[in-house]
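If you want the building blocks of each chain, they are given just below.
Protein chains: 2
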Amino acid sequence: MKQILMAEPNISEGRNLEIVEQIVDAVRNTPGVTLVDYSSDPDHNRSVITFIGEPEDVLAGAKALALKAFELIDMRRHSGEHPRQGAVDVCAFIPIRNVTKDQAVEISRRFGKFVGQQGVPVYYYEDAATRPERKSLPKIRKGEYEALPEKLADPAWAPDEGPAVFNPQSGALVTGSRFPLIAFNANLNTTDLKIAQNIAKAVRHISGGFRYVRAMGFALEDKGMVQVSMNLINYTKTPLHRVLETIRSEAARYGVSVVETEIIGPLPLDALQEVVRFYLQTHDFEIGQIVETALLDA
Amino acid sequence: MKQILMAEPNISEGRNLEIVEQIVDAVRNTPGVTLVDYSSDPDHNRSVITFIGEPEDVLAGAKALALKAFELIDMRRHSGEHPRQGAVDVCAFIPIRNVTKDQAVEISRRFGKFVGQQGVPVYYYEDAATRPERKSLPKIRKGEYEALPEKLADPAWAPDEGPAVFNPQSGALVTGSRFPLIAFNANLNTTDLKIAQNIAKAVRHISGGFRYVRAMGFALEDKGMVQVSMNLINYTKTPLHRVLETIRSEAARYGVSVVETEIIGPLPLDALQEVVRFYLQTHDFEIGQIVETALLDA
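Keeping their order, the protein sequence lines are chains A and B.
In this text, residue positions in the first sequence follow the numbering used here: the first is 1, and each later residue adds one.
In this text, residue positions in the second sequence follow the numbering used here: the first is 1, and each later residue adds one.
Because the hints were derived from the structure by calculation, they are not lab data.
There could be a bad hint or two in this list.
Stated by the list, open to error - Computed list of lysine to any residue pairs in SDA-like fashion (alpha-carbon distance at most 20 Å, straight line): (1) A:K2 / B:A298; (2) B:K223 / A:H283; (3) A:K2 / B:P31; (4) A:K2 / B:D37; (5) A:K2 / B:K139; (6) B:K139 / B:D154; (7) B:K2 / A:D37; (8) B:K223 / A:P55; (9) A:K2 / B:L295; (10) A:K2 / B:R28; (11) A:K2 / B:S249; (12) A:K223 / A:N189; (13) A:K2 / B:W157; (14) B:K2 / A:L72; (15) A:K194 / A:D154; (16) B:K201 / B:S249; (17) A:K223 / B:H283; (18) A:K142 / A:T130; (19) B:K63 / B:R109; (20) B:K237 / B:A202; (21) B:K2 / A:A298; (22) B:K139 / B:L152; (23) B:K201 / B:R253; (24) B:K223 / A:Q281; (25) B:K2 / A:P31; (26) B:K101 / B:A202; (27) B:K2 / A:A294; (28) B:K2 / A:T293; (29) A:K2 / B:L35; (30) A:K223 / B:P31; (31) B:K2 / A:R28; (32) A:K2 / B:G32; (33) B:K101 / B:E56; (34) A:K135 / A:Q118; (35) A:K63 / A:P31; (36) B:K142 / B:Q118; (37) A:K2 / A:G32.
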């Protein structure tokens, strides 16, 4: 069985597209790696690159990308709206197919060790975190690049890899592994924001809902609708269909219904297995029945 | 965009597995071809081999398989329950991804020409048929191998390729192209066969139902259920969900419901797009959002 790991590095350059291309080329030129997508945001001055392949190839691609980014990006001259701490601000490794959580963590640790050897302080987050207070990226990134000199002097924020010394050019890097998340929105035929907010509360973990759902309610003024905007952070334990059916049922109490939903960005094939099983009642359906999977496993 | 074509040859050997392996090896040893599945039925004395790849590679695989089967199978000694006319009884070419109907027909015609050059009479069927009465495999195969000498002497049954001369060792071959079909069954919580038969009538084309559905009602005695057993022969024009929703609605009139459904065997990834769009209301969902498709197109 072929393994597929995904890497999703975020780099602190979103305006000079020549530099972005050179950094993306480092991935393109790594054998065995397939570039899935990349996009740059000039306001954020940040680019997100997504690539997949066998775990060792993806590790090699991430190393090549990091070296190029450390060479071409100078954090002393960086500004942008998005919080950031380093030239390669964060690099998540995400298991897609036949890769365990432990394997993904191990790859992220080997990547972290390599980055540390380049003289860049590294923090491990999510499944690779070494302490509970380092699980969350926003917590690690608090104070951003500008706070790094002070932070690195604090023993509580000693880096997991690399020197406890401020690197002015490259800043710091956060890496680790997490389960693939699905960005899923449901739009409702009402302009009453309260309804979207109530439904968000009903489904999200923090207020009593499903364990692996984050949700907020928004107004979609141009559409004359409201939206329940969600991240499903573990689709095997809290599957898509169950969240949607709960939204439909909660919406009905207000005489409101779901007009449309959106899956934003990429999702693993595996996430569709439960959707198909639930809605078609094909209890035994296997993703392996899809003809194309023979090519993934060949 | 990489193209994926599937070939599904049926060979008239299902007992001597050493011979089957040698014939399957001809496919395995064809560069660029991926074997999806193969299975042998001793009662039918027949094996079905499924493989995929770029169209030219699949054509090469089919040629290699045919040569090996013509060498190792002798129709003079063949008996089995399944109707058959030749050593390679039928070979369907099925477009799976980024392949048009016309391209698949062209590949089947080039395969047919090659087989004809080996001295084996060839008939084109389904989308490659040269006359309406040759569209249907059962019609072409009527009388089976034993009727071939007489058939080939009849100008109405002049072969589309190859000599109008009986080939005792290899018989005749039928090839062509067809849309991928989905074998789909719905099991109902009743033992009343009449209900399954009525629902089969409601959904199938021949009696007024959907254009691309073939259906029959069966008793599942060991399960204490009845089954609506279907072939969906064009899932883009008659999608899975619409057939299932009609079955659910027709079952309800008898106070009966669908307990489970089954998708038997392989289906193309593409067939799930409408399922996901309908049931999740993700009107814009694209199969290309699935991470793994980047590998198919790389």
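Quickly compare the C-alpha distance for K2 (chain B) and P31 (chain A) to 20 Å and report which way the hint goes. Given that 20 Å is the threshold and the Cα spacing comes to 19 Å, the pair holds.
Restraint check for K2 (chain B) with A294 (chain A), where alpha carbons must lie at most 20 Å apart: 15 Å, holds
Run the distance test for K2 (chain B) versus D37 (chain A): straight-line Cα separation, threshold 20 Å. 17 Å, holds
Next pair to validate is K201 (chain B) with S249 (chain B); report whether the Cα-Cα distance is within 20 Å. Roughly 14 Å separates the two Cα atoms, so the pair holds.
Is K223 (chain B) close enough to P55 (chain A), meaning Cα to Cα at most 20 Å? 45 Å, violated
20 Å Cα cutoff - pair K201 (chain B), R253 (chain B): With Cα atoms ~15 Å apart, K201 (chain B) and R253 (chain B) stay inside 20 Å; holds.
Taken at face value, is the distance from the CA of H283 (chain B) to the CA of K223 (chain A) at most 20 Å? 15 Å, holds
Is K2 (chain B) close enough to T293 (chain A), meaning Cα to Cα at most 20 Å? The given pair, whose Cα atoms are some 14 Å apart, holds under the 20 Å limit.
Given the hinted pair K2 (chain A) and W157 (chain B), is their Cα-Cα distance within 20 Å? 48 Å, violated
Are the Cα atoms of K142 (chain A) and T130 (chain A) separated by 20 Å or less? 17 Å, holds
Please work out if K63 (chain B) and R109 (chain B) have their alpha carbons no farther apart than 20 Å. Measuring from Cα to Cα gives roughly 12 Å; hence the hint holds.
Next pair to validate is K223 (chain A) with N189 (chain A); report whether the Cα-Cα distance is within 20 Å. Cα-Cα ~9 Å, so holds.
Consistency with the previously given hints fails for numbers 5, 8, 11, 13, 14, 15, 26, 30, 34 and 36, ordered from lowest to highest.
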